[in-house]
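> Residue strings, one per chain:
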Amino acid sequence: MIEAPETWLPTAIAGLVGLSLAVAVVATAWPRQAHRIGLFGALAVFAWVLGLSALFVAAGPEAEAAATRVALGGWEAPLGLMLHLDGLSMTLLVLTAIVALATSLYSLGYIHDRIERRQFWPLWLWLWAGLNMLFLSGDAFNLYITLEVVSLSAVALVAFTGTAAAVSGAVRYLLINILGSLSFLMGVVLLFGEHGVLDLVLLEARSEAGPTERMAAVLMTAGLMLKAALFPLHVWLAPAHGSAPAPVSAVLSGLVVTGSFYLLLRLWMGVFAPLATPAFGILIGLLGVAALIWGSAQALRAGRLKSIVAYSTVAQFGYLLVAFPLMLVDPDAWRVVVFFAVVHALAKASVFLAAGTLQHAAGHDRLAELGGVLRARPRTVFALGLAGVSLMGLPFTGGFIAKYLLLEAGLGTILAGSVIGVLWVVAIAGGGLLAAAYVLRMVAPAFHRGPERAGEAVSPWMDWVPLGLATVAALAGFAGTLTLHTLTLTPGAP
Amino acid sequence: MDGGWLLLAILFSSLGPGIAIFFLPEHRHRLRITLNLGGAGIKLALVGVLLAGVLRGDEYQFSLPLMPGIDLVLAADALSLLFASLSAVLWFVTTVYAIGYLEGSPRRSRFFGFFSLCVSATVGIALSGNLITFLIFYEMLTLATWPLVVHRGTPAALRAGRLYLGYTLTSGLVLFTAIVWLTLLAGAEGFTPGGYLGDLSETHALSLQVLFVLLMIGFGVKAALFPLHSWLPIAMVAPAPVSALLHAVAVVKAGAFGIIRVVNDVYGAELAIELGLTAGLLVVAAFTIIYGSIQALRADDLKQRLAFSTVSQVSYIILGVALAGPLGIIGGLVHLVHQGITKITLFFCAGNFAETLGIHRISELNGIGRRMPLTMLAFTLGGLGMIGLPPLAGFVTKWHLGLGALEAEAHWVLGVLVLSSLLNAAYFLPPIIRGWLGERREPWHEPLRDHAGPTRFETHWMLLFPVVFTAVLGLAVGLFSGLGLSPLGWVSLIVQRDYSLPEFSL
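Taken in sequence, the protein lines are chains A and B. Numbering-wise, the first sequence is residues 1 to 494 according to the numbering used here. Numbering-wise, the second sequence is residues 495 to 1000 according to the numbering used here.
Incorrect hints may appear among the rest.
What the hints assert, rightly or not - Residues of chain B clear of chain A, computed beta-carbon distances all greater than 12 Å:
id, residue
1, Leu525
2, Leu637
3, Thr664
4, Leu868
5, Ala920
6, Leu923
Claimed, not checked - Here are a few chain A residues that face chain B, going by a calculated C-beta distance under 7 Å:
id, residue
7, Leu219
8, Leu433
9, Arg449
10, Thr481
Calculated directly from the structure, the hints in this document are not laboratory data. Even glycine gets a Cβ: it sits at the ideal position worked out from N, Cα and C.
Modelling step: build the complete structure from the supplied sequences, incorporating the hints.
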């Protein structure tokens, strides 16, 4: 007799944490072989996550059956630590696995210096393990710890090339992260002082719209907005993401920022849900519109390829803020927001990887002098364009499906009688046009008449991985139904 | 077996080779030609199979869930086959022409890759079973055409490309919003002859009117309706096969086809009349017909004149649809085919003049009929067809449009038709007269022969044969319009089948 999938889930969850930590520890202990360990570890973790997601979906369709809480060491909350898996965390785990595998393969070609390899791989594997634990953590303090693991390894990754620009970028990034983490931690302390528990499920049951919750909400939200580079706390993002090595930029813009956003969403859907008023929603939505315009304007002015991509992240995260008031009208819209974040992460990571290949070939990423290399590397430009189409929200890509669902939610609020809904719809639709304009800036030089210059040779990994990931981002459109279904397996969410 | 696989196979017969071509190294000349012509040939054969099936009355449908409650639907009805067979036939011809036209030029893998994507998107549009699927392929077409418009990489080409994208993407967003809105109101219904919005006409009349305007803006840019047409004449800087694709096979046709679908299969002619929507569309179409012709008269550049002529001619299709009676719709639908065949002939001719002799202007055409008699003959047939000289294709169109106007009691439309025919004559006769009767004293420049050596015919055979073929086709669809399988016969079948009008007879 085959046992039901849900009986395997707790083991599989604990196993995922164990496996990703083990890979990171072994690579740290044996840096000479770190890249080999990293490659096999990446494949193993990727396969594990896929297996876990199959188990998870099979355990549905009741949300309570699939979502699983694992008490580490047999101690239940509030005493012990809980691992927590539901549809939201599962979706982000799969996203992380896909982007991380692509980044790992890309890094095989990108980082070939022996010393750099020893530094990069352990840090990168810690970052990935941190993200996996972040998505699986079920209590506020653990979330803080995993957030710190992610942030600190991210800072080290920005700095590891050791150039003056990288180090100064990393220091700035470090300060921002410390500020954000401290703010978050104070919120956690306030909540713990008030309710005496840290477990998110228990906190949600006890929380009400009191002054302590308000203070905690302000602190934690501000801290996470700073980390997620949400407008107007975004100014640090472009220099940090733009100066990091390509695979690091891809992970920062694709995953780390998304991780902070995940936390925001998790908190506002649970503990802070009673605090969300329509007026607050409109304020957040207006910030989102400002982010869309400001980010796109900067991306249209930037002179460097990677800066364009980095500013595009600021703009695209504006959509997530615009979606906030929509969620207040139609609570179901949160799944659309997550799907949008997933699709954006896939597309943004491939754009950064493609930009990295071009930068490596040319030796710089000044757009004005990049024409020859762009003309000589149609494959990379194609990857850039394909992922760009997803950012614009045009078919066949995942971006289109996400944009469709967002527009549907926006128009739904208008039909429900909200006048300001018109602004959200115009922003959602018009943002695609701005995205088209800055994607065109990156791609169009490839079509100018002029000499070709292949530049420095790049490894096949760097040539093909961006295209592969961009294809995944495009085909994500077909995974829309599956993703939205997985997300319904989140107990407690609407 | 579910007939849906046939639809997928038709889609992939150009998509597959297109993707393969992207990855071909530039020097794999023969393999690229094999893939191109193989794909085009297979598509033609499959469309033939589908045509026979639909004629038998078989149902074909393929659907794939995209979002909760919303499917990607491919379906074949008589109307979609009209467009699908048009694009399959003309694509084959254009592929041959493009291979000849671009011989020896750089970056052919990129060109033919996007070329195939374009045609896949067009066939997808033809076979779309609901508005969302339509939108998906419609936007794909926009994206796949841009690299072709800017193919030459000159500043003028890039400017045309920017303008093209600016117009089409903006209108695409309007369309996108309108379709999401409509789907929220009425659900993701499939195209239904006679429309599916009847239930909403009482409660949501204003919304439906606003939505119609938004949809027309969305489709009107590609269909080059005034005042949304400006991109089309500027995009004529693209290579001749691309112009053929823009003007005859794909882009403007996609816009016109969208308008047909919305009026007939989403709103339904009855509801559209009741809400007062067709009257407005009729006026815009009539104005565009006259405006395009006047602009064409002022152009000296041959391709620019042809481009403005397209602005004018495509509006015949919309005029027919806006007349919203069976005869008017027949005139409009049949012009979808007639305009395609005729205009592609004219653009091929213009391309042949430019490639073979370096001639771009009408004032340089003097005596060209003696140097390139076959091409000039084809141009003459095309031009006279556009003017509407019986028994050529354009006459069949105008005849039915006129009857449709009488049927709808819109007598002023007859005036528009007569005026526009006069204007057609005024801008097509001068190049024809110059070509046959004009005198040229100095010898011709021969860029093609200087570059590629002597040619057996008046120009490269791959440039000449497509022109001759489409010219003969244009003659045939007019001459044999009484036969059941002619475009007119097929269109009558559509109108009879979909609109089940008992009192109607040809």
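> It remains to establish, for every hint, whether it holds in the given structure.
Hints versus structure:
no.	hint	result
1	Leu525	holds, 18 Å
2	Leu637	violated, 6 Å
3	Thr664	violated, 6 Å
4	Leu868	holds, 33 Å
5	Ala920	holds, 38 Å
6	Leu923	holds, 38 Å
7	Leu219	violated, 37 Å
8	Leu433	holds, 6 Å
9	Arg449	holds, 3 Å
10	Thr481	holds, 5 Å
When held up to the earlier numbered hints, the structure conflicts with 2, 3 and 7 and fits the remainder.
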